[in-house]
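Enquirer: Given next are the chains, with one letter for each unit.
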Amino acid sequence: MRLSGRGIVTGLVTIFSLASVYILNTGNATRLILSLLTFAGIYGLSAIGLNVHFGWTGLLNFGHAAFMGMGAYVTLLLVPHAAGREGEITTSGLHIFPAAVIGVIAASLLGLLLGLPALRLRGDYLAIVTIAAAEIFRLLVRDLEGLTGGVYGIISYSDSLQKYRPKLLDSLLKDIDASLNQVWVGVLAWFSIVIVLLILRRLNNSPWGRALRAVREDEDAVRALGKNAVWLKLQSFMLGAGIGGLSGIFLAFNYGSLQVTTFVPLLTFYIWAIMILGGVGSLSGPVYGAVVFWVIISETDKIAGLIFENANGQQLAGVRFALVGLLIMLLMIYRPSGLLGKKEELLLNVK
Amino acid sequence: MLDQLGNGLMLGVIIAVSSVGLSLLYGVTKIVNFAHGELVALGAISTLFFSSPETSRLLYLDRFSPLGLDFGISIFFAILLCGFIGGILELLLFRPLRKAEVGNIAVLVVTIGLSILIRHLYLLFTTGKVQKFPLDLQRRETYLFIDLTPRNMKILLAGLCVMFVIGCFLTFTKLGKAMRAVRDSTDLASISGINSDKIILSTWVLSSMLAGLAGIFQGMINDIRWNMGFLILLLIFAGTVLGGIGTSFGAMAGGLLIGVFVQTSVALPFMEGHTEAKNAVALGIMIIILLVRPQGIFGRKERIS
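From first to last, the protein sequence lines are chains A and B. For the first sequence, this note's numbering begins at 2 and goes up steadily by one. For the second sequence, this note's numbering begins at 1397 and goes up steadily by one.
Worth double-checking, as some hints may not be accurate.
Within a straight-line C-alpha distance of at most 20 angstroms, the following computed DMTMM-like cross-link-like pairs (lysine to aspartate or glutamate) qualify [claimed, not checked]:
| hint | chain 1 | residue 1 | chain 2 | residue 2 |
| --- | --- | --- | --- | --- |
| 1 | B | LYS1426 | A | ASP125 |
| 2 | B | LYS1528 | B | ASP1619 |
| 3 | B | LYS1525 | B | GLU1450 |
| 4 | B | LYS1594 | B | ASP1580 |
| 5 | B | LYS1495 | B | ASP1593 |
| 6 | B | LYS1674 | A | GLU146 |
No lab work stands behind these hints, which were simulated from the structure alone.
Hey, can you work out the whole structure from these sequences and the hints?
Expert: Shown next, in the form of structure tokens:
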């Protein structure tokens, strides 16, 4: 791997932010950092998927939460679980691995379903359609209580993943104050990131990847060369949606119980902030973006403590999200290429 | 179905008044303003702040107590405040971005960040509870065949009047004509001696004032929440798109139609017991319209793909 100056700076920023968490939180730092890295892994994976849409192909997807939700719901409903008001228990179910594969495929198919009509639309219209589609998905999931558990959510599914937790992990973390379940999900998420990045790097350098970037730069030129631009965009949409679905599965297993409120539009905006922070169009950028983002998020509670005495949950959330909004604005205005992005690959100036 | 018509018209008038602002702003600046919903909320929240008795505890910060003004005066000041904030946003944020030739997509993302920021500032300053204006309860009466409370009837008429006035303003006044000229072509308008910066500033102010008014209506008819802006934003988009994005009269009609659709859809047979999902109907209509007739019912055909 070639090391550019920018890459070194990004690595240093990431390490520095992790170190600052370690210094600022004496006592429970290890637990905090492990939790933070798990979230960063999951959100980073999701942002990699979003980057395939926006960074590679220039598709303005604001419905990423729906893809994550689709992956999570399909997988959880296939494995043994309990759902709904009465906590109705389903003991029979698939093995976690085929269930997750079906979940990812379902997320891709949702991408196909949404992409087929929507990709004909211009950028800003696509943004409105995708955010509306994600809301429709969320409203339907909430409403179809018989199928999805509705507002009561899904519980008791963690075992299907946790029973494969290696003994090695248990003995390694024996003396450390950390949630074993969470660490196992985090390990799997980071492992998936590595696999996905290897696949994407391969794809990026293939003729397919070059054609995709060409679609982003000039769709008409791609058409003139006899490539099917719409089909290329659809493939990219499905690929990114599938990656999003995979991250949604990890998110569900990280929480241990699934609520439909997890997949509100704000989740999509979190992922956007991570992608922009890491660098639009850069392959591994979202990973660094996710770590730095979660460090910022985990330290905002201290800022809330400065403003309010004994801040309650609502005030903490308020400060946290207000800062996310501010971060998105400032990045977009002053540093749209993020930590690792290439300015020349930025599609934001298209009219 | 008919008993929902009144509710539908009320929701429709809220959406229509705010859609006109969004649509006008899009036409003149080509910005899809995701923060429009927060201006709607600003109208309601500031009216609540101005009109609530001084002793009531609305805010986390004890230093600020509500003003306890007369309700009518509060509405007036709230609308002025919305216009002022809209102008500030244009002068301090969007004009510099435009001068720096930042692309539309980047500006769209900026408006999303802005909306998240403002919405959570509301959450920080208000107590996050559902609030209501200090208004008395009224009984529903039947006007023609629509069941409404007298106050809601007045709101409906006021909303229709405002839309009529806006229509006249755009059609007959010099400023309104200039706005439409800039919407059609900024360059041509500049050549004709129209100061497009000034026009865009007026559009921001007007659009924000309309949004604020819609928020006050929403607060009077239903209630006031810190996140009411985002809850209604997607419906505003639906109304705007249905009528044809960039058209003012289309947005009015589209907004009214979406409101009526949303409320009457509750009476559809397959919606029984699924009233929570009624907003999905409006969003579904919007997506179908975008696919079948992307220029909307009243829009002119142009390339949108």
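Enquirer: None of the hints should be skipped; say for each whether it holds.
Expert: Structure-based check of all given hints:
no.	hint	in the structure
1	LYS1426(B) - ASP125(A)	holds (10 angstroms)
2	LYS1528(B) - ASP1619(B)	holds (5 angstroms)
3	LYS1525(B) - GLU1450(B)	holds (18 angstroms)
4	LYS1594(B) - ASP1580(B)	holds (16 angstroms)
5	LYS1495(B) - ASP1593(B)	holds (10 angstroms)
6	LYS1674(B) - GLU146(A)	holds (16 angstroms)
No hint from the list above goes unmet by this structure.
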